[in-house]
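Peer 1: Chain by chain, the residues:
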Amino acid sequence: METFVFSSRAKITTLSMMGVGLLCLLITFFADGGEGHHMRFWTNFLHNSVFFVGIAAIAGFALAAFTTAYAGWFVQFKRVWESFGTFLLPGLFLLGVIMVGLFTHGHHLYHWNDDAAVASDAILEHKSSFLNKYWYTFGTIGFVGFWYFMIGKMRNISIAEDLDDRDNEFTYYKRYKKYAAIFLPIFGFTSAAMIWQWIMSIDSHWYSTMFAWYASASLFVAMTALTIMLLIYLKSRGYFPGVNEEHFHDLGKYLFAISIFWTYVWFSQFMLIWYANVGEETIYFRERMQNYPVLFWTNLGLNFLLPFFVLMRNDTKRKMGTLFFASALVFFGHWLDFFSMIKPGARLSLIEMTEHAGGHAEGEEHAEMGAAHAEEDEFGHDQHAEGHDADETAALAQGEVVSEGDNLQDPAGRNEDAIDNENIHFDASEEEEGVPVANEFRGGPPDTRMGGIDELASATDRTDADVFEPNHFIQEENIGDDEMLGHLEAAGGHSEALSVLGFKSGYTLPGLLEIGTFIGFLGGFLFFVLSKLSTARMEPKHDPYLEESLHHHT
Amino acid sequence: MATIRIEREGGEVTGGSPEESYVRAGQREILFGLYDDEVKLLDAVRAANDAHLDIDDVYTPFPVHGLDPLLGLEESRLHIAGFIFGTIGCLVGFGFMTWVFTRDWPIIFGGKPYWSVPAFIPITFELTVLFSAVGMVTVFYIINGLGPGAEPRRLHDRITDDKFCIAFDVTELGTSEVDRLRDYFDRTGVETVHQKTVAA
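Chains as they are written, first to last, in the UniProt record's numbering: chain A, 1 to 554; chain B, 1 to 200.
Since the hints were made in silico from the structure, they are not lab data.
A hint or two may mislead.
Stated by the list, open to error - For lysine to any residue, the following SDA-like pairs were computed, each having C-alpha atoms within a straight-line distance of at most 20 Å:
1. A:Lys319 with B:Pro69
2. A:Lys253 with B:Phe83
3. A:Lys253 with B:Ser76
4. A:Lys253 with B:Arg154
5. A:Lys253 with B:Ile80
6. B:Lys112 with A:Ala276
7. A:Lys253 with B:Pro122
8. B:Lys112 with A:Val294
9. A:Lys174 with A:Leu546
10. A:Lys127 with A:Leu102
11. A:Lys319 with B:Phe94
12. A:Lys133 with A:Val97
13. A:Lys133 with A:Lys153
14. A:Lys133 with A:Asp164
15. B:Lys112 with A:Gly279
16. B:Lys112 with A:Leu272
17. B:Lys112 with A:Met271
18. B:Lys112 with A:Phe285
19. B:Lys112 with A:Lys253
20. B:Lys163 with B:Arg153
21. A:Lys319 with B:Glu75
22. B:Lys112 with A:Ala65
23. B:Lys112 with A:Tyr254
24. A:Lys174 with A:Met271
25. A:Lys253 with B:Glu75
26. B:Lys196 with B:Arg154
27. B:Lys112 with A:Gln269
28. A:Lys541 with A:Asp164
29. B:Lys112 with B:Phe83
30. A:Lys153 with A:Phe528
31. A:Lys253 with B:Gly66
32. A:Lys177 with A:Met271
33. B:Lys40 with A:His553
34. A:Lys319 with B:Glu74
Just chain B, with the same shape it has in the complex (with noise of 0.2 Å):
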């Protein structure tokens, strides 16, 4: 059975016993392995899917195609909010130039009228493109707790360079039932396994 590297604050432990349990109120306890490549994960994750084992998250350093079906996800609606913002940003751009050229300013340019529709179109459309993605990018940033001072809370260093990460939720399990997830990650050629105490 695979080793369990157990990472405390202050370092890891490799070979701990993973029954011992550091776990307070507010914490939840991760066991996660690590894949080097997308295509195990997928085979993975399809064999998770027919154990029936509850993945908590799988964390990929590249958008991995077809594994937002086998995890069950529902599509994004973040570009419902592009497409409002977008409406917004159209609205104020148009709205501002008639507003500044019809009423607050109005200048004569190159003989056209005051209120020339065509001149107006290229601003309209940036600030239409500005706006949904200023827009996107904030409520993306709101829902994730992203944005700046976030404390970032990553299980692992390499999920972010090359490794593919599978998750399960181990807090509430028994011996037995952890047993089975070292099994499955056997089975499935995982490269490590780890446990990790984290935030809730």
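Chain A with its partners taken away, still in its complex shape (with noise of 0.2 Å):
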């Protein structure tokens, strides 16, 4: 079959994705009404839209890479991956709703847009040269427009080569070759200041240069799950004969590569933010690691444990079942790498804005954040408020004992527990012969870490209590990553953020919600993709490299 025909059974299949998406849009947001800024709709909005809007571009990506490399494998199916480069155009229509949100600020995602709070904020200010509504629309309209000119563009002259019978050998390939040429640079940079601008901007305060590159493998590794499982839907309904085992051990390679990359990547901003242990930025995974656990830790099993030991034999490469298999976990975990990029920080805007509306009087707070919402109450912004956990309060004034630069007196509502962990490490340690021990310090600010380290030095025969007297900043019941615990008062505004946050469906988790909506975009993008897919031949048969594709070993 030359031609793939949308058939009525798939249009129906992705019409109705398409309204149950719509359905969990409109329940979302009038089940999460004006107190809680309809955050929850408007970031599952965010979320599904860059994640396939990146999806495309990345397709556009891979098709300009593997061009001007001369590559000739996957020329066979390079139709499926025009398709997904063209749903940038309902892409940039998305994200227009989500910039026209920012001038009538009909959402409050990204906290830079909040002017008073801008002028507050040394942070907000300094970045705001970038972090604005201008440059936001400029990078939206200016940038993804620009990719769909070229991908668009690049898919025009394949589709004219397939058109025009006379013997053109690489007429058409080399005009291809130039806009993909001519993409791939842009793109590099573009798609990183864009990610910057989508995504990353949502923890305003924070940054890393990893970022862009982290989410960017993130998004080349669904884009390869997803064109495996197309594929092999395809094939099952008879289109891509020439498509066989020796591709798909090739596109699983890359499901399987990219996957460690993304680790690498992920890893590596890890290990520097936790190494540097600067409050600023250990903020970001200390919110994750703390009140985010099982999101945290699955994304890492289904995008690294899962595709390395299913992935790495040989013969799951080739067999349809497990390849299937692995990609779509591997493709929905990347969704949910997504939704920790984006939730925790939005969950966090929205509790801050729950206080500014709120002042400081704790009855308003309440009914500011309604009755779902009691489990947060614990980390109003009122320090001193009664009914505040012990603990909460214990270390919340050792903050404000430290930044006073009182670092010796012991504060009055110290924690028992603490004192004890404290001892009892000290103790442990001292046990080993020779050797000078410390206790673990765990990131308070630095004059205080200082202090401490050059009174280890001299302090073997003094007491525990002499030594450990300045170390206030032992907090009970850290799971793991005690040791980045960052500053308290460095976390630039976010001194609540401390606080354990309770579950919250939509946040902590996906619910049902998000779930449906994912669903229902995935069902526009194969809508899109599909019915692109059947406006032009499925096989370019004029490309100089199609012979290669379908003579393809491993």
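Two chains, two frames, a set of hints: combine them into the complex.
Peer 2: Following this line, the structure appears as structure tokens:
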């Protein structure tokens, strides 16, 4: 079959998926009313828009990269990626909705869009030349528009090559390659800028130079997984007779390799931040490890361990069943990865806004947050409010004490457990003969830490209490990340983030509405891609590399 | 019919009679043809399969795509050794650092706890790769009888350079069967045909 026929059954399926998504979006919008600033709706909308726009753009990147590398193996199914790329046009409209929301203040996804907050915040002020709605608009329209133009141009050249039956060998191919070569470097920079704008700036005080790599790797894996699943579907419908296990083997290798690359970038980002232990940076991971442990570890398990062990073997990449299974899980895993990039930061913004709106009066605060958010009250802004958990008060009180420079005074509400822990740690290490011992320092402010270590050098003969008196920063119940607990006051206005957030569906883990929205966007993406696929021949019959693709051996 | 170059110790005898047998116990007589590119080689292997000729081995200067299935070779099991050695390296690396930094010589680095797992990961990774690589090379050498001091066993010098070789074991074959092989070499566009006695 030369052209794809978009069967009515496939149409109905994708359209009903879109229906489910629309319904879920509406329910999310109305269920989480004004007091939640529709945050759940907007984050879901942004999450899925960026995810699928990213997949479309990365498909264009793959085409351009493989073409400039003279690769031939993928040529048979390159129309699939060209169709992916055309999704950038509807994607532009989706992101346009977010963009309009910036100007009308219809959503509060981005802290930097709040003029009052920027004026009173040195960090946001400093970033405001990049993080502002005009840059956002320019980037979204200009860059995504540019990507769409380039990928669309490549697709048109490839289709024109099909229709031209003269012997033209490399004429079209060379033009295609020119566009690919121009697209690549520009895409490299612009995609990074847009990922910072769209996603990283949700945690608007935080930044990481690895973030764009990390997100792009995530998108590349998701794109490969979706390609594999779509190709398996199309093959089962009788299309692409020439695509065989050799091509799937290569796609599987990409899935495997880029999953490892994703892990590498993920870990590089994590380890640098963990090692440097600067409060402005650690807050990002601290928040996710402490309050979203299931999300955090599932992300790693699904996106690293699963593809690593399943796809390591040769034959799992050559069998449709195992490959489809791994692709589906990894695809969902990277959707979850984007979920974990967006939701925790947005939830903090939500809490912050609630406080600003509600002032310091606890009664109002309760009203603002609504009954459903009751479990979050414990980190209301007022640190001395009654009813706070004792440990929390202790931790916050210590923060205050230190910021006033009064390091040595034991604050009144100090947690007994913390003192006990400290002594136990010390005693245990004391027993090591002849080795200089130390307490496990847990990220206090630098001056405190340095003081502690200096004292250590000459303090082996002192008692525990003398030596470790200044270290007030031990907190109870740290789940393995205690070493990266940031400075209390350095969290850039997020001091309340040090509290423990309760479970909240749609933030802590995706709820049914999130899954429904995901299905809806996936349906929309597939609907668009399949209708584009049906407008041209499936195999580019005059492509100079088609022969190589048909006789591809891994 | 192609001339057979018979190679004996002390030099090559061109045009000797293939019937003369110098094979002693523990030796094999090998008849092999050299081809000048891999496309001819692949066609020749296919022709040999069609004619049910029993190929002893094929030697190429570089890996030729699609040759393994034609020869009916099974997939190498070397990567299983790689996985096992990698696992050992992973455990050794992680275990060793755990022992050093929590039991043997606990020191605080940068205010981190003794058992700071993220800092161990790069080294664990390196040791996984190292053990896996060194282990696989060692296993490969042992299985193939290679390594320092091993006697190089090659039929012809140019097999390691630019010639592709198909070899048949003719120790136990009679004249008519050897003629059949010579005929086969002629049909498949061989460049030269050689006969050589090698250690079994």
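Peer 1: Which of the numbered hints above does this structure break?
Peer 2: 4, 7, 8, 11, 13, 14, 19, 22, 23, 24, 29 and 32
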